[in-house]
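Since the structure of chain A is already known, use the hints to place chains B, C, D, E and F on it.
Respectively, the protein sequence lines represent chains A, B, C, D, E and F. The numbering of the first sequence is the numbering used here, which starts it at 159 and goes up by one. The numbering of the second sequence is the numbering used here, which starts it at 159 and goes up by one. The numbering of the third sequence is the numbering used here, which starts it at 159 and goes up by one. The numbering of the fourth sequence is the numbering used here, which starts it at 159 and goes up by one. The numbering of the fifth sequence is the numbering used here, which starts it at 159 and goes up by one. The numbering of the sixth sequence is the numbering used here, which starts it at 159 and goes up by one.
Read the hints as simulated data drawn from the structure, not as lab findings. In this text, a Cβ means the ideal position worked out from N, Cα and C, and glycines have one as well. Treat the hints with caution; some may be incorrect.
[Unchecked claim] Simulated pairs of lysine-lysine, DSS-like, Cα-Cα distance not exceeding 30 Å:
hint	chain 1	residue 1	chain 2	residue 2
1	D	K374	D	K216
2	B	K216	C	K216
3	F	K216	A	K216
4	D	K216	E	K216
5	B	K307	A	K374
6	E	K374	F	K307
7	C	K216	C	K374
8	E	K307	F	K374
9	F	K374	F	K216
10	C	K307	D	K374
11	A	K374	A	K216
12	C	K374	D	K307
13	B	K374	B	K216
14	B	K374	A	K307
15	E	K374	E	K216
[To be verified] Label pairs and their computed distance ranges (CB to CB):
hint	chain 1	residue 1	chain 2	residue 2	range
16	C	E308	B	D217	33 to 43 Å
17	D	R385	F	K216	55 to 65 Å
18	F	D217	A	D270	20 to 30 Å
19	F	H322	A	G166	55 to 65 Å
20	F	H322	E	G306	49 to 59 Å
21	C	G369	D	D220	29 to 39 Å
22	D	D311	C	P383	36 to 46 Å
Protein chains: 6
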Amino acid sequence: MINPNTTGPMTDQMARAATAVAAADTHVIPFTADSGPTAIESYVDEAYATAKVLDLVKDNPDMDGYVIACASDPGLLAARELVTAPVIGIGEAAFLYATTLAPRFGVLTTLDRAIEQVWRQLGSYGLTSHCCSVRACDVGVLDTSHPGKEQLDSLVRTARAAVHDDGAEVIVLGCGGMTETAEALHAAVAVPVIDGVRAAVTMVEGLVRCGLQTSKLRTLAPPEPVRYISHGE
Amino acid sequence: MINPNTTGPMTDQMARAATAVAAADTHVIPFTADSGPTAIESYVDEAYATAKVLDLVKDNPDMDGYVIACASDPGLLAARELVTAPVIGIGEAAFLYATTLAPRFGVLTTLDRAIEQVWRQLGSYGLTSHCCSVRACDVGVLDTSHPGKEQLDSLVRTARAAVHDDGAEVIVLGCGGMTETAEALHAAVAVPVIDGVRAAVTMVEGLVRCGLQTSKLRTLAPPEPVRYISHGE
Amino acid sequence: MINPNTTGPMTDQMARAATAVAAADTHVIPFTADSGPTAIESYVDEAYATAKVLDLVKDNPDMDGYVIACASDPGLLAARELVTAPVIGIGEAAFLYATTLAPRFGVLTTLDRAIEQVWRQLGSYGLTSHCCSVRACDVGVLDTSHPGKEQLDSLVRTARAAVHDDGAEVIVLGCGGMTETAEALHAAVAVPVIDGVRAAVTMVEGLVRCGLQTSKLRTLAPPEPVRYISHGE
Amino acid sequence: MINPNTTGPMTDQMARAATAVAAADTHVIPFTADSGPTAIESYVDEAYATAKVLDLVKDNPDMDGYVIACASDPGLLAARELVTAPVIGIGEAAFLYATTLAPRFGVLTTLDRAIEQVWRQLGSYGLTSHCCSVRACDVGVLDTSHPGKEQLDSLVRTARAAVHDDGAEVIVLGCGGMTETAEALHAAVAVPVIDGVRAAVTMVEGLVRCGLQTSKLRTLAPPEPVRYISHGE
Amino acid sequence: MINPNTTGPMTDQMARAATAVAAADTHVIPFTADSGPTAIESYVDEAYATAKVLDLVKDNPDMDGYVIACASDPGLLAARELVTAPVIGIGEAAFLYATTLAPRFGVLTTLDRAIEQVWRQLGSYGLTSHCCSVRACDVGVLDTSHPGKEQLDSLVRTARAAVHDDGAEVIVLGCGGMTETAEALHAAVAVPVIDGVRAAVTMVEGLVRCGLQTSKLRTLAPPEPVRYISHGE
Amino acid sequence: MINPNTTGPMTDQMARAATAVAAADTHVIPFTADSGPTAIESYVDEAYATAKVLDLVKDNPDMDGYVIACASDPGLLAARELVTAPVIGIGEAAFLYATTLAPRFGVLTTLDRAIEQVWRQLGSYGLTSHCCSVRACDVGVLDTSHPGKEQLDSLVRTARAAVHDDGAEVIVLGCGGMTETAEALHAAVAVPVIDGVRAAVTMVEGLVRCGLQTSKLRTLAPPEPVRYISHGE
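So that you can see chain A by itself, here it is in the shape it has in the complex:
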């Protein structure tokens, strides 16, 4: 499980959630990016974090499966080129699970600027028609993982608006930092609330148990043997 940002406590929190749902014989190994943004809140942050995700995958090529633990799924397709074992993003897993629990889901994201990013992500997964609501709670990534009362109220208020005003029948948590708020939100809105960390870990387990791996035929074949230049070369 790779945390693309550099905030170790957030990795720990997600690892706890992952371990709690994983099967007895699954060993969750958490990795944290060793440089780059402490939170991913813009396309710029995402771009720099993606390079770190790939470094971590290249350095740890022998896992049975990989979880990219940021809801925007940075580096998902590139990571799939690097290894044969399944690679699942926590955004992706949460969206896919959501499609099985209700006809339309809502996504609860952090900042207003991320709303459009989520719609693009859904579009790239071909899942736009399953989503009826993307709303921001105006709480930054790091605050979502230790929300005070005010932040939690904002999360609840936003989730309720998704359910009551937009018709969402499931809520997808749009940030890895929200992992520990799932229960409180579920209690407040009375619809399923999906945490991508737990979803992704169990989905990787499922793929592994079925013996399924990334297709290496064409699009996701190992990278071409392109030469890389280092600084000053």
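Using the frame of chain A, we list chains B, C, D, E and F on its own:
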């Protein structure tokens, strides 16, 4: 695990596949429709089988999760109304897993007439853009579960056409009866071959371990208390 | 004209509407399901009613054309397999007529839970882009056919919201029971109000006069000769 | 029934087809554009013909319904602004009928350059997903109405390719001039062949019998009172 | 630069805007329709104006590029048949530029009835997903070019609603008459405001400098040699 | 103009093409990534190159406009966050220009594995419906910029297939390295051939002359003030 058709040996075959991938603490309980079509090869067959699926769900309301073991997923939404535990179709599960292994998948179905049915099913799941090929092998449902050499050749030939002519990078088996052909097909086409039975069982396990259930808020709430009339009433 | 539910008075009401618009040489023969739900208000009801629709079609194979008189069009594709004469659903007919009268229509349905069902139905007909509003009046199926003042007020209020808030320029009645409310609603909202019963009957007449029949080439060919098992067999 | 081109014999031919299917109490009144292109084979032809269609509608405002008898449906929305009675294009009617007879239809058009025009037309009606084939027979508009053996062979060959290579289960005739070839083509391809002239006439009859008219609320309200300048003014 | 309506002062205004942004070596030659509607406010107006646009293109075949200066882009495809030099509509250019400045734009149109027309135009360009708002300011075409305080207030109010209520991050002016309001609107809403006149002129310049011309292969080949009939012939 | 790969001669080649079409008062300043892949042929290469593109934008914040000179447009949205001046990708510009020259274009890409990447890129721009063909010529990025006879033959053969088999009426060059092949391909296929380098430079000029800049309201606002960790911190 509910087999919507009335062919017991096909239920047994699918139950073996399911048990082989299920976790140690998962107990796969197979059910077979006690009346109706021995195979589902038309919209008419599907309609009659759907009523039987719902009878079985109503008679067995206490499972932790349900798998509808026919690739056209008969009765999926209706079954979700009847129970709170997750209900997954083997078509649905195979399609969702396929989206995580390659950008475009191909579906291998039985008869020519089912091609359009699969495209409609994909459309109803919002997954059309993930699929680049639906091809029929011209082998009936019951024959797919005990294919002779000729039938197996047809399956292989059709899968190869999906991969080489249509650009499929993963093959989804479009019939529960094809469960035991997965390995032979994978050997022949060198891309992942997804059996929905195995996919659905592990996906239900994943949902259950995450504590997720069908949303009961609106669309999939328990059926309204409508009065039913019996024959001769 | 087949009423998929078991409520005879509703059949009578729809038959009167059908007869009123049918050509002089058209004989409208109404059928009512002889068992099953008295109203179709869930996917479960729809599934059980579908089997009854197919029984009625099989028992009456010599009509010049068939109307399935429930707005969710249960069993439409399966019925087309069973006979060669045209089969039209009242939902389908109303939607198609609506596309010729204004750029966007609104659908007035019964219960909140049906909203998503209507969107899925539109999606399966490829007509999503023609619809800008699906709203529920919170009046059950049987009440729509004998609405009191309160129910009629709710129908009017909901139709007005579709027109004024959502931009609908035509209203489609989303339940066969609403047949006799068309005039009152039209008077209230000043846009065309389409009753699917009348639409379907005239559309079947049109197809018949053009000599057109269901294509039997592939998808809608007669069902395969699959063996059916009876209870206790 | 308005023929947008200036070829009277083609009007006569279409009027015969219309009269043959119309109800006993329907009076089909044919109109021919009195100036402009003798056939519509380009966007330029269509633009000039559209102005003539509108002139004819303005000069004949009291019909019970209007048919625009060119498969590209020139001036359809503008004509709907001018009158309240239903206006149906022969392309539109054929496409709508086709959706009720099979899951996917093919369109048989005249020249290669029209293929894209048909796809755009389908897109504007939101019907793209119902069409799996648009093929040109390389026979000009006027020749389609008096095809020699070579032209008829080309029509048959093209229709067969739509059915066998592209999966079409219904053929839509993509030119008003093809009216009299419907029977020969149906005999050759064994799927329904839809002539838009007959389809449009019966669809207008159906709308009129249901008492339905164009919505005048907003988009298709009568034109604004804009001042027009004449040449030399 | 062709103004499809017959209002000369509006042509002058648009020509000034065009000249102000054109390169030093670009000569903007304005043309005004010599007969037809003084403003284009309905499909009927558009149809008659289209014929005049084509007359002007045929009479002036030797330009290096053409701008159709009405936001509904009347006659765009037909004009491309007539000449090889690039032809750009001001609606089209504004929409394309808008896609490069923000993920979603809003269109500010004139009358309520035009809202649906804009959505259809966007659909025909395949740009629906880029647009999140089409709103009418209820100011007629001619008034938009000389707005009083009340009209300007309405434009500002409508643009603000697009930005704040609908999520637009760029505003596209939906009428050539709005050219001179761009600065005032930009000052009011603090997002880019795109005037199609300026956009189209610079886009034509860009295409010309790249040596690019309309494809003459198939769809936009010169019109077929169809015979035209004059009145009384 | 930023070349995301580290191959200086390719930068020079693209700079020559850009300068040849730029206006007299435009100064094209080429930049080359100083580390990273010498060619971008996988998602992994693209991810690492994106970080370099952003470094170059941050180091050169005062340009009037930016061109990202790789057809997959790496870092496009992130670069738009960093600066206010317009940022255009050469893929994007070529696609947008193509939509104005013919109804459907074809994209000529390098390797088979890139075909799906192009379709995804088109999907993210909402331009899928404009493209009817993506074909690979099986020539690597660096070879496309110095093609031998065999490589050029492959480019021509692939372009011809797009035009004749897939219906493309314009060809878009799917790699910056193909810049100098545009003339030869145009001579061979007789439809417009669009080089994104030239398209992007003139499109940026157009935006700048119109005074248009990236919207800073929400999605593309400057990045949040997230703290970045360096290695070993």
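> R385(D) and K216(F), beta-carbon distance inside 55 to 65 Å?
Replying inline: With a Cβ separation near 57 Å, R385(D) and K216(F) satisfy 55 to 65 Å, so the hint holds.
> Is K374(D) within 30 Å of K216(D), Cα to Cα?
Replying inline: holds, 17 Å
>> Just to be careful, I want the Cα atoms of K216(C) and K374(C) compared with a cutoff of 30 Å; is the pair within it?
In response: holds, 17 Å
> Given the proposed pairing of K374(B) with K216(B), does the C-alpha separation stay at or below 30 Å?
Replying inline: Roughly 17 Å between the alpha carbons, so the hint for K374(B) and K216(B) holds.
> Are the Cα positions of K216(B) and K216(C) separated by 30 Å at most?
Replying inline: Holds. K216(B) to K216(C) sits at ~28 Å (cutoff 30 Å).
> Lying within 33 to 43 Å: is that true of the beta-carbon distance E308(C) to D217(B)?
Replying inline: The hinted range 33 to 43 Å holds for E308(C) and D217(B), with Cβ atoms some 39 Å apart.
>> Against the 30 Å threshold, does the CA-CA distance of K374(C) and K307(D) hold or violate the hint?
In response: holds, 28 Å
> Using the C-beta atoms of H322(F) and G166(A), is the stated range 55 to 65 Å upheld?
Replying inline: holds, 58 Å
> CB of D311(D) to CB of P383(C), is that within 36 to 46 Å?
Replying inline: Hint holds: Cβ distance 37 Å, inside 36 to 46 Å.
>> For K374(F) and K216(F), compute the direct alpha-carbon distance and say whether it is at most 30 Å.
In response: Cα-Cα ~17 Å, so holds.
> Does the structure keep K374(A) and K216(A) at a Cα separation of 30 Å or less?
Replying inline: holds, 17 Å
>> Taking 20 to 30 Å as the stated bounds, is the beta-carbon spacing between D217(F) and D270(A) within them?
In response: Cβ of D217(F) to Cβ of D270(A): about 29 Å, so the range 20 to 30 Å holds.
Going down the numbered hints, you'll see the structure goes against none, and every one checks out.
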